[in-house]
Amino acid sequence: MLEVREVLKSYDGRAVVNRVTFEVTPGEIFALLGPNGAGKTTLIRMITDILRPDSGTILLDGRAITDRARNEIAYLPEERGLYRRQKAVETLAYYGELKGMPARQARDHAMALLERVELRDWAFKPVQAFSKGMQQKVQLCTALIGDPKLLILDEPFTGLDPLNVQMFEELLGERRAAGATVLLSTHQMNKVEQLCDRALMINHGHMVLYGAVKDIRRRYSDHAVVLSTTSRLGPVPGVKSTVTGSNGDVTLLLESNATPQAVLRELLDRGVEVESYSLASLPLEDIFVKVVREGLGLDQGQSAAAEPEPALAGGGVR
Amino acid sequence: MKFSWSRIATIARREFLTTVRRKAFILTLVGTPAYFAFVMWISSAGEMKERSEVLKELSSVGVVDSSGLFRDAQSEFRTEVNNESGGMFGKKVPEGLIPATVFRTQIRRFAGFASGDSALRAREISQLVVVSADYLESGRVRRYARTSSLFSSADQRAVASWLANGLVRGRVDSTLAARVARPAEKEQLFTIGKDGQFELKDDRRQMMDFMVPFMFAMLLGVSIVLGGQYLLQGVAEEKESRILESLLCTVSPEELMFGKLFGLGAAGLLVVAIWASVGALAVGPILLLAGVKLPTGLIGIALCYFLLGYLFYGSIMTGIGAMAGTMREAQQFSVWFTFLNFAPFIMITFLLGRPNAPLAVGLSMFPPTAPGAMMLRLTAPSSSVPVWQVALSLAILGTAAWLVLKMSARIFRIGLLLYGKTPNLPEILRWARQG
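Top to bottom, those sequences are chains Y and F.
Per the working numbering, the very first residue in the first sequence carries number 8; after that it's consecutive.
Per the working numbering, the very first residue in the second sequence carries number 6; after that it's consecutive.
Next up, chain F with everything else stripped away, as it sits in the complex (with noise of 0.2 angstroms):
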């Protein structure tokens, strides 16, 4: 192959400024952090919400005692809201500042189910409890209610609570009844760290343990994914609107697909920098509140893999663009690599709860999984990856790149001027060897 490095310069330039003046790049750029910050925000806002409106729906509990043991229990029972846990990204607020939600529950008292089941189906209590007569030993309890919610508990919690307090009240104090009935209510977890000392795991932790991995995983799994696209569209537009015979009565296909991948490798570049400088500033202060540790040198290693993971799908697009006749033809083709990129986030809890099990080590090896898999495995709170891990991941997606980017460059020669007919597997394999 022979380069004029000024002609693939001119070519990168054009495709990095026509791609960054699109509107559509505009909006990736702002729409995509702003679509997963209103999923992130209405997820979190939506537990706490329906936390509320289940504990505000338990305004009366019926209960049928068949035991005789909640003859004395309490009356009515308040159920705290605690505000300042709510959001992840929240500002942390000092405990006590705003007031916690109080929730008033009456119990009233019914003799045998059918006068509580009349009193549930005309909607005057909530939800009806019945004790069987042995629950000291069995613990057995029906509680019926008219429906029930599917992602917050906080009402069976209130009435266990309400239980426990009414097993012990009057024979202990009012404090240690309450004790009895929250007994874990500030319980705080403690584990062991990548630097070998103790960190707090409050609700907050546990979430950024599971929001940093999945951040920078996705993070790079886009970049990549849009990189990779710009490429696809690229070529297939050019390809369908009959622009390449002239352009390449004047440049070589050679020139034509490295100026394409260094132009829209860049523009790729500039939106995972976009959102990393904006998120550093956003985000930095809370991961640093929250002791976030992330391992040395991992901007550097992301970049690495943003780099080779680009050539290693950009490559696969730009021949598969050329390949292909039309822009939906070619985008019919590209879902099944896009999803092969996504395909360690499928698996998201078992590599972030076991990021050294053989499946995980071998999902960071395996090139099309490696940088969102390795990602992962690197920003998992429990796991420690051993350097010559990611060095052998990195060699092998650097040369699974190397060699997809040949065979890419042979079938875009052949397949730029192709129109009219889909080569089948077999043609592509013997262009991808001939060239």
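With the rest of the complex left out, here is chain Y (with noise of 0.2 angstroms):
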């Protein structure tokens, strides 16, 4: 679907975007993270062709993102606003019609949309009269008209109640099963825990984390794992100490010379009652501090302690 190969981007001779590589499967939800100055931004831009990259690559289906490509590809981006004056159907048919839709059709969408977020009622009315929530609703309805391919989110749950943020991910379910891929940067981890399926880390433009969200929580686990048993537990080789939470679970913290499954195979042969055993994970969030904290990238480039990114300097917008 989408890929990005070696993608680099500078501003005064300083590195941005650090030959940046990874690919977005179709219909996947795909999470791109990073701290504060990052070069999230720059990447998204450069993907969504606002600006162009200084070397590398970057394709949609194969093919570079040209006139027709953008069609395909839809942005909400952080900082995000509206026309106040104009109606949300305006709005809405607005967007589709620059997305190539014939105006009968966008308005028609944009109808369709508003009542999928439950402001039909509100379809005629200016912008300035809505809520911040309200508001927010019509901006992912205008970078979902015309049912993009690929679908850019940059924190789209900021400011949302509950109610709104369950919209918002069925929104993104319904998306995803009509076969569209959603890029979705974001600093809310429990929400790329429960939504995406593979994430990427950059820290001051370097790749820091790359892969599947299960198998990144797996490799930052502490060498741990999680027991569940009504047994009570003596000294087991091969565990350092135990921490029991407070659900009961009791978590084992193991020599380094100890797997996993020699410590369980000790605890059956001493008659522990297993009910259930797996490792332990750390939360993205906890995996996320420790690794821009380490700052080594992915490419070995020393990504800590670098300088704020540029909200934009000179040269190479498209």
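Don't take every hint at face value.
On the chain F side, residues computed to face chain Y include the following (Cβ under 7 angstroms) [stated by the list, open to error]:
| id | residue |
| --- | --- |
| 1 | W10 |
| 2 | R12 |
| 3 | T15 |
| 4 | R19 |
| 5 | S246 |
| 6 | R247 |
| 7 | I248 |
| 8 | S251 |
| 9 | L253 |
| 10 | V256 |
| 11 | E259 |
| 12 | Q394 |
Okay, the calculated beta carbon distance ranges per label pair [claimed, not checked]:
| id | chain 1 | residue 1 | chain 2 | residue 2 | range |
| --- | --- | --- | --- | --- | --- |
| 13 | Y | E125 | F | F344 | 47 to 53 angstroms |
| 14 | F | A281 | Y | L170 | 38 to 44 angstroms |
| 15 | Y | R92 | F | V44 | 30 to 36 angstroms |
Residues of chain F clear of chain Y, computed beta-carbon distances all greater than 10 angstroms [claimed, not checked]:
| id | residue |
| --- | --- |
| 16 | A39 |
| 17 | C254 |
| 18 | A362 |
Worth flagging that the hints you see were computed from the coordinates, not collected in a lab.
Since this is a predicted model, take the numbers as computed values, not measurements.
Here a beta-carbon is modelled for each residue, glycine too, at the ideal position from N, C-alpha and C.
Dock chain to chain to rebuild the complex, using the hints, since each chain is given by itself in its own frame.
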């Protein structure tokens, strides 16, 4: 679906995005992570063809992002606004027409979207009369109109109440079921764990994590297992210490030379009733903090202690 | 640059419709000419009223005649004010149909200055005229009044007329005395027109000679600035409200810029078309009646100046809108360029009086002042602008508009996504060069 290969973007001789390579497969929800100033927005601007990379290629369905491909990408930026005096349906129809839809079809699609986000009764009211949450729904609809193949959402959940968050998630699910691919940039790690299949983390332009979310969490587990049991635990060879959680599950921190399989065998041999036994994994949020603090990129480039990303420097815009 | 004309048309249509539907647009459309009409009416009516007030006030004049020349002069004089010639755009009324207003002034004689001064301070007389003993040789007359009008010298003319009449009264017959008092009462001035024929320059025509170029150039200047201001507001608002980034995923910066230029230019043109049409209907017959002849093809030339002038100013305003962080900042930058556009009006008396002077020619060649200056020169009564000068001026303006458009497009592309920092001049120049 989306292939980003060796993409480099520099401002004043400093790489803001440094040879980043990843791909997003059709129908997946892919997370783009990174601390503030990591280069996420610059990367997204290059994917949406707002900026041109200094080198590297970005392909959508195997083709460069051309004029035609642009109609298949929609972008909901983190800092977003609407035409305040314009009616909601007119705003959406305008975006639809810009994406190549005939006027009538754009208006029909706009009405359908407003109905889906429960704003049909507000369709003919100016956006300035809307609450913040309602405006965010309209903003999401500006990205959804025209049924784009690739949906790029930057912090879409910010400022939403739980009900609207749920609606957004349902909408993403519907889009995914319809074959759309979603690139989600967010700092809400729980949403990444909940919604995303794979993730890429960049820090100061360098790739620092890339792969399936589950694999990333497993990779960064603290060499520990979580055991659910009703038996009392005595000393177990290969187990350094134990921590009992509030739900009664026990986390066993293993010796460096012990394997989870060997410890499980020991437990069973000792007659411990094992209800469940799984590898412990860190929350994605903890991994995020740890990786950013360690600061080493997958490309072995130093990703820490760089300067913040500029809003935009001269040159290189499409 | 690769364009999608359908996207440009969509943007232009939205910009045009949202602009013309705004209450502010209707207010500008109706309010601007209404404001100018009101100002002209106030100044015209005010001048008439002031003249009447001055003469009404002059009900009694004290005279200290040290020369003895005015011993037999009238003890009362009358001043007539013709009510027909007041309104500039008023309907032409046949002479004598509306009776003139007559103001009467009584003459009171005083033996010396002291008694006259006392009477003036006691408000028994309006003014005191002291004629010196050697008046015949020196012409020295002193006039004392409690106040004087800034805008009318009707009282001075009335007193001068009484003096002239008094000098010859009793020596010649009354008709000749009256004529001596107002020797050029019905004077008509004829000047050679653009067609080589003499044409009458009455008060109404004199006023037209000033107002027609002024209105034409002002219409052009206002419409150019109006279109530019719409652009400035549109770009700055979109930037400030963070709409641009999601738009730029779908359209290119060039498509956005051209869509705005076309859409808002059309809105500006609509304003001009409505003003010009209403103006032609309202003032056209009066211009014909007054014998005002405008140069052939003036409307076509004005349209060319509007299009190129709008492209020139519109491109600058678009660039400013894209560079500035807020609407307020954008307006602070743009005010200088707006000032340049209206600079010819500061020199309007010079441009109308000497339309072929080197400075006037230079101003009509300099792109920022060319539309206003050339329009003033073309419509000035005593001007005959060579065709080559119009062609050269349009060519220079067109070239400048194209260059500014190219530079603005580069600045626009970069400036749109720059938030929180206003670029300095070297940065702007670098953007304009590199894009």
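Results of checking the hints against the structure:
| no. | hint | verdict |
| --- | --- | --- |
| 1 | W10 | violated, 12 angstroms |
| 2 | R12 | holds, 6 angstroms |
| 3 | T15 | holds, 5 angstroms |
| 4 | R19 | holds, 6 angstroms |
| 5 | S246 | holds, 4 angstroms |
| 6 | R247 | holds, 4 angstroms |
| 7 | I248 | holds, 5 angstroms |
| 8 | S251 | holds, 6 angstroms |
| 9 | L253 | holds, 5 angstroms |
| 10 | V256 | holds, 6 angstroms |
| 11 | E259 | violated, 9 angstroms |
| 12 | Q394 | violated, 40 angstroms |
| 13 | E125(Y) <-> F344(F): 47 to 53 angstroms | holds, 51 angstroms |
| 14 | A281(F) <-> L170(Y): 38 to 44 angstroms | violated, 56 angstroms |
| 15 | R92(Y) <-> V44(F): 30 to 36 angstroms | holds, 31 angstroms |
| 16 | A39 | holds, 25 angstroms |
| 17 | C254 | violated, 4 angstroms |
| 18 | A362 | holds, 44 angstroms |
Going through the hint list in order, the structure does not satisfy hints 1, 11, 12, 14, 17.
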